[in-house]
Amino acid sequence: MSHDAAYWLRQIRSLHLTQRTRIMNVCGGHERSITMAGLRSVLPSTIELIPGPGCPVCVCPEEDVYQAIQLALQENIILVAFGDMLRVPVNVPKGEAHTLEQARAAGADIRPIASPQEAIALAHAVPDKHVVFFAAGFETTMAPVAAMVAAGMPENLSLLLSGRLTWPAVAMLLASDTPGFHGLVAPGHVSTVMGAQEWEFVPQHYHIPTAVAGFTAESLLAAFYSILRQLESGKVFLDNCYGTVVSNTGNHRAQEILQDVFSVTDANWRGVGIIPASGFTLQAAYRAHDARVLFAHTVDHTQRKRAGAMPPGCDCARVVLGRIYPNACRLYGRACTPRNPVGPCMVSEEGACRIWWSGGLRAPTAPTVSA
Amino acid sequence: MCLGIPMQITDINGYNARCEAKGVRREVNLFLMQDAALAPGDFVLVHVGYAIQKISEVEARSSWELFDEVLRVQEQGGYA
Numbered sequence: 001m002s003h004d005a006a007y008w009l010r011q012i013r014s015l016h017l018t019q020r021t022r023i024m025n026v027c028g029g030h031e032r033s034i035t036m037a038g039l040r041s042v043l044p045s046t047i048e049l050i051p052g053p054g055c056p057v058c059v060c061p062e063e064d065v066y067q068a069i070q071l072a073l074q075e076n077i078i079l080v081a082f083g084d085m086l087r088v089p090v091n092v093p094k095g096e097a098h099t100l101e102q103a104r105a106a107g108a109d110i111r112p113i114a115s116p117q118e119a120i121a122l123a124h125a126v127p128d129k130h131v132v133f134f135a136a137g138f139e140t141t142m143a144p145v146a147a148m149v150a151a152g153m154p155e156n157l158s159l160l161l162s163g164r165l166t167w168p169a170v171a172m173l174l175a176s177d178t179p180g181f182h183g184l185v186a187p188g189h190v191s192t193v194m195g196a197q198e199w200e201f202v203p204q205h206y207h208i209p210t211a212v213a214g215f216t217a218e219s220l221l222a223a224f225y226s227i228l229r230q231l232e233s234g235k236v237f238l239d240n241c242y243g244t245v246v247s248n249t250g251n252h253r254a255q256e257i258l259q260d261v262f263s264v265t266d267a268n269w270r271g272v273g274i275i276p277a278s279g280f281t282l283q284a285a286y287r288a289h290d291a292r293v294l295f296a297h298t299v300d301h302t303q304r305k306r307a308g309a310m311p312p313g314c315d316c317a318r319v320v321l322g323r324i325y326p327n328a329c330r331l332y333g334r335a336c337t338p339r340n341p342v343g344p345c346m347v348s349e350e351g352a353c354r355i356w357w358s359g360g361l362r363a364p365t366a367p368t369v370s371a
Numbered sequence: 001m002c003l004g005i006p007m008q009i010t011d012i013n014g015y016n017a018r019c020e021a022k023g024v025r026r027e028v029n030l031f032l033m034q035d036a037a038l039a040p041g042d043f044v045l046v047h048v049g050y051a052i053q054k055i056s057e058v059e060a061r062s063s064w065e066l067f068d069e070v071l072r073v074q075e076q077g078g079y080a
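If you read the sequences in order, they're chains A and B.
In terms of our numbering, the first sequence opens at residue 1 and continues consecutively.
In terms of our numbering, the second sequence opens at residue 1 and continues consecutively.
A portion of the hints provided could be inaccurate.
Derived SDA-like pairs (lysine to any residue); straight-line CA-CA distance at most 20 Å [unchecked claim]:
1) A:Lys129 to A:Glu256
2) B:Lys22 to B:Phe67
3) B:Lys54 to A:Arg253
4) B:Lys54 to A:Thr18
5) B:Lys54 to A:Gly243
6) B:Lys22 to B:Leu71
7) A:Lys129 to A:Glu118
8) B:Lys54 to B:Gln76
9) B:Lys22 to A:Ala114
10) B:Lys54 to A:His252
11) B:Lys54 to A:Thr249
12) B:Lys54 to A:Glu63
13) A:Lys94 to A:Leu122
14) A:Lys235 to A:Leu294
15) B:Lys54 to A:Gly83
16) B:Lys22 to B:Trp64
17) B:Lys54 to B:Glu75
18) B:Lys54 to B:Gly41
19) A:Lys235 to A:Thr18
20) B:Lys54 to A:Gly195
21) A:Lys129 to A:Phe295
22) A:Lys129 to A:Arg111
23) A:Lys94 to A:His301
24) A:Lys305 to A:Val92
25) A:Lys129 to A:Gln70
26) A:Lys235 to A:Gly313
27) B:Lys54 to A:Glu256
28) A:Lys94 to A:Gly313
29) A:Lys94 to A:Gln70
30) B:Lys54 to A:Thr244
31) A:Lys94 to A:Ala106
In case anyone wonders, no lab produced these hints; they're calculated from the structure.
Work out the full structure, taking the sequences as your base and the hints as a guide.
Shown next, in the form of structure tokens:
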């Protein structure tokens, strides 16, 4: 039997919480639900809800976006990407295209897509062109991309892959001197694919209470209660508050397809650096469809200033890691808004800055994450 | 982006299904659901055009309500 939000709030308020408790989420969808339901304002003031690494577009390497722009500017190439990627800025001198959107305005053939199926359909429709699918995303998105590859791709379609795994970023934070959180809300639909058990290492190795949550206020509040109760009792475990959708072992077939098509490699996260075993790369059998192989020599990052970095003044990297709240960035709401975004966290629908702004949090003065 | 939207299957043809959610129709790929027995009338979570999980009707309806609520709040410019 499921309880409503008021029930879980009463349960949370019945706990004897005196310590400041920071609960991190690692999913843009969770952060959106928390912000839009106003959950921060109804919880006891000792509880902080921190958006962490939950936005694959935000951490997509600057070098990859730059390469996508350069490929798109080639005469015979059509570049497709999920819509969020089109406004992500790279660091180039004034006058050069600093987003895919600007490259498109300059004549490049760039098309936003909502599904890998659209990339397949386009490649079939334009056999004399080469279509590059620039794909960023976490496991939930990479499983469909892997399915597209496994089902067979047209010869004139290749992948510029910037897929990432979610858990290694959490593992990196936990292994650091300052993880910055006392409890973890594990992602709902990443866990749908990969299984809740992927998060078992957090309570087991780091003794951090963890709960998988869905996207309703009830499910999120149930997860917060579970985490707080675990902290109070000292009995730490992996809870699943989204059991109607997430099983312990996930979608086996999707995991097999991911393994058949991709291998896991150390990968760069924009503004963060290399995180071990955190990126997907195409298996050697698919080299003929790997844009990184096909177009290996088309870009040179050594001559570019600030290659790989976040835009000047942008604090996205610290926002992504949950080190500061979005509105603690000095650009938030001033130089950086969804209309004129400076950093990727204000571009992407999953970026914490964008979500906070959409939620009406306009003042660039609210508290920072306490140390 | 890591958000699946519940849809109801209306028709299946191999790995392709026609699905519907609140009057919106979409072609949905079932390649990731090869181990699941699916039939018209079933509900699935759909992400970037691919079904990733079979779900119950109750779960689907509760998610639809949630998305309506989130959209309503965003249109009003948020709570804060």
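Handout entry: Index of numbered hints that the structure contradicts, given in increasing order
Key = The structure breaks hints 1, 4, 8, 12, 13, 14, 15, 17 and 26; every other hint is satisfied.
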